[in-house]
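**Q** Can you join these two chains into the complex? Each is in its own frame, and there are hints to help.
The primary structure of each chain is shown beneath.
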Amino acid sequence: MISNLDTRTLPLRAILQHDLWGLCQSWLVRVWLAATALLAALVVMSNWVAVPSAPLIAMVLFPYLVFPWFLVVMMLGVNPTSGSRADAMADGFLCRPVTRYDCLLGTWLARVLLVWGVYLAVAVPVAAIVVFAKRPVADDGVTLYGVIAALIVVAVVLMLQVSLGFLMGTLLRRSLLAVVMLLLLWYPVNIVLHTFHLEELSPISLNQSLPTLLRQPWSEESEKPTANREDMEALAQQAAQFLSVLSGGAPQPAAKKPAFFEQSSYDDFSLLRVLLGYGIPTALSVALATVCFNRRDF
Amino acid sequence: MPPAIRTEHLTKIYGNRLIAVNDMTLTVPEGAIFGLLGPNGAGKTTTLRLLLGLQRPTAGRAEVFGNPCGANAVAVRRLIGYLPTHPNLPGNLRPVEYLDLLGKLCRLPREERKPRIASLLRAVGLLGLTDQRIENLSTGETTRLGIAASLVADPPLLIWDEPTAGLDPSARRFTLDLIREMGKTRTVVVATHILGDIDQICDHVGVVHEGRMIFCGTVRDMKRRLRRDDFSLDLEGSGDDLRRLAEQAGLVEGVKVRLQDERTLAVEILDGRPRSVALAEVLQLVEPNHLTLQTVQSGQNETEHAYLQLLQEEEAHGFQRFDFQPRHKDTAAEGNPSA
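Protein chains in written order, with this note's numbering: chain Y, 1 to 298; chain B, 1 to 339.
Next up, chain B with everything else stripped away, as it sits in the complex (with noise of 0.2 Å):
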């Protein structure tokens, strides 16, 4: 079975000017919510772009479901529902027209469309504007429209380019919430930068910076790789018995603390030392110095911080980030991280 994507040294420069991607090698598993995560500019929508043979690749080759992208592969976007950001939808039209429209390109015949696109109005809660033309619809509006457009098809694949982009938080919800059931039959690829999204729904991840895949694979293989073995204590109490706590603890085996506020103690459990017995002995010592502990925060949860200590690494690594690797022994990018 060959996997939802898959790209090999996939490449694009503009004019030998730009680098948007850089040698690009990625594996997306049949089935995964996966998260394309970068900052802005970092080569996210190119890649999807050159998926979808929008763009053509300057070297390298990528494929979906095992057929090869380009200019007029019909059998890739045939098995792609695109969602591109804030979509430049045509605004003379009315959703049901517009959705019509796509079910012909699609080659969908009038008996399967017409029902479908009735189906697919009322499960992204737009049933009530059908009468309504799309340049008046809101941001909203037009990326729930957006979102059924790209299911039209009923593709196997769905690639969602920055989908939450602009919502108000109960149409984000919304849109979380369908990308989590859209995941439950099909592939999906969203492409963001919001860390939280990608906590929320991915299951599998893609780091991009400058172009670069700097990691794939599951989330939870990112979380652990850049585990940092630190809790925070949200403590309340006054500041003299919270420098007693930090004085006691600081005598327990295998820790290291300091105080980051007047209310807060960071805890760092050094290698070798059991992560659950040493935040134990250091918890013991709370309600004896006049302390209430309030939350505890483990920075291993922290997407965030995983994503932010990746691109600094990347960085870190200088002239080491060339690839001296002969072709043939590229690592498939799946689970393994390729940092």
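Chain Y on its own, in the form it takes in the complex (with noise of 0.2 Å):
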């Protein structure tokens, strides 16, 4: 049975292969890994002495999630399904006995797992670094937890824009139209979603949240009780109006909860709701790529 499976994933794993170390040759992702390293490494010496670790990382992340290393990998996407990368798609693996499905789900495999690779390779140390190295700044409790869910959502981001990608290859063909189509789409998102009040899944709002998710422990358990915190603003909220009741003043009203854009802290993060957030869209995309390509001559 294992031999079967060995044999019936040949194609799969073949093609998987080949694109792969396809992409370690190109220059794109030399250049790409190179840029990635250089740029965290400065973000990391030029805030070595000022800024936390949470915050820090964070600031690491960004080029991923919001500008500019989007850019490449919604272009690595895009690729294989378009323009003349087609042809050779179709002269070297459709006319083959393999199936559309092995040749999207390798290409794309391919792309999400090189990208993965570069940003693992470079915010993996990274982040060890900021963690353990002593610096001269406060320790702002950032947990092992926090780190790994951290680099799994900008991870999971990463995944949808490579499926992005492979979407607007598929449905436009053309590698710069299916770019420039990206560009008009990713960053007004914040706008798109706003209108929803699904900010906190806006790559922007995303990254803001980031340091919260990095001091965030495994458990609520070990978490330290919040209680205590709320408890004290109740009573300085308490102590106030005593306060402009005694002077005379009007009672200050309580202030309202903020939504989730609003607030500084991001307290309701919630990591399901975020890896559902992008999961669910490159599912989508990734589904409607495979549509698209079925349907597609060569």
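There may be inaccurate statements among the hints.
Stretches of chain B that chain Y covers, calculated by requiring three or more beta carbons in the stretch to come under 8 Å of a beta carbon on chain Y [unchecked claim]:
| # | region |
| --- | --- |
| 1 | 53–63 |
| 2 | 74–83 |
| 3 | 96–107 |
These are calculated hints, taken from the structure and not from any lab test.
Ideal Cβ positions, reconstructed from N, Cα and C, are used throughout, including at glycine.
**A** Listed below in structure tokens is the structure:
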């Protein structure tokens, strides 16, 4: 049975291996890897003595979520299903005894793995250095769980970017047009998400909430009780009201809890919600790209 | 036993604008060397890509050894070795790596794959270039690698799209010999617009014009159907002698002659007169008129002429080309001229 499975998945593994190897040899990927390492080093060194660990790691991850690395990631996604690469795919793979699903899945997976590889190759060492190195700033309580969760969140966003690139490349067939469409889609996404009260899923909000996530412990039990802080806030509010009453002024209204996007602490950040928020569009993009790819003429 | 290829009313229209394949019904018998002949843009490549499932038909259906063709028809593509025109191969790979990749795509186990690759590279004469990247190979070498690639899975049907395009004479000779050799054990379909190739290697031919199959049958049938009972006599001698010969030959029963140029006499034999007898009578007049016969050319052997005549007839049919016949009366294309 294992041998049968091995034979059945041989084309998929062959396409994945071939594409991954081809990507690793490309100049775009090599330059990107060098540039990410350089930028991360610059960000860390210039903020080494001033910024606490959580915001510093979030700053290192910012280029993947907002600018400029998302552009490279999307270009990598666009490439295999558009332009001359599509012809090479037809002559090289699709006229052989492989299904289009194998072909699409293999090339998509190769890009996702490559993007994750480049991202983790830089982000993991940088996060380790920032967390474990002795720096002249106060420890802001970054947890191992928080670091892993933050890295996973960014990895999921990168997977969505590759998938959107794939979808646009399949739909539009022209690489340049697909990249322009992706730019038009990615940047106004904050406004669209705000309209539907989904600000926490926007890349900028996500980046702002990363410091909170980085400080989160594995379980609620090990978290410092937040009731104390709430109690203190309630106590302060009561005291302020009492003083205003004594001084003859009107009592101040109780502060309304701000919306997710407006608050700076992002205490109600939900990892599951964010993973689903990016995971579901990823699945939809891949599914739609598959449908388009299946109906396409080469 | 199902035929190697069968299409029924296969039609491909791009975006309601361009009709690439027009109601094509075709049968390629197993074991044939089939030439798909037509001018550039006639729809040959589109037809082949429809068979491979690279394109989806607008209407009609296609089968390969009884298996329906389609985008995910792995069973069909397992039976086909495809060589595209000027194959777009991954330039960063070396020939062995490329063939190994294709072997994996064809699900060949390692122990079967490796010896076959070595054997194929030797057969196509690329054994000395295994350390070169594909991007550094010449056009002829790339085509030979493409040929090896089409044979990796040892398929029973080879579909080669213009395999001699851009090749030098020796590479062309090699490819034609190979097709002839392959035709002994496999069905081979060769799409080309080079009539000389068809003449040399094919036993069956399909002529495509503007996306439509205007003739499908054996090469012999095509020539017989378009037989022109005429000959060209290439003669050496004076112009006066040649004109005298033309006058005398014109008196032979059932023969019409005309001077093509200063040394060529065209002899047309009319219906009802045995060809050999009429020609012998004309030839008997050559020596008495102090002329020397250099060559005799028969119009019957000219595939080019037959092909061009087919295209002209097709054009001349005008609106008659519209298919008035009910669908169920379709004739099998094999051996029957469909024009």
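**Q** Of the hints stated earlier, which fail here?
**A** Result: no hint breaks.
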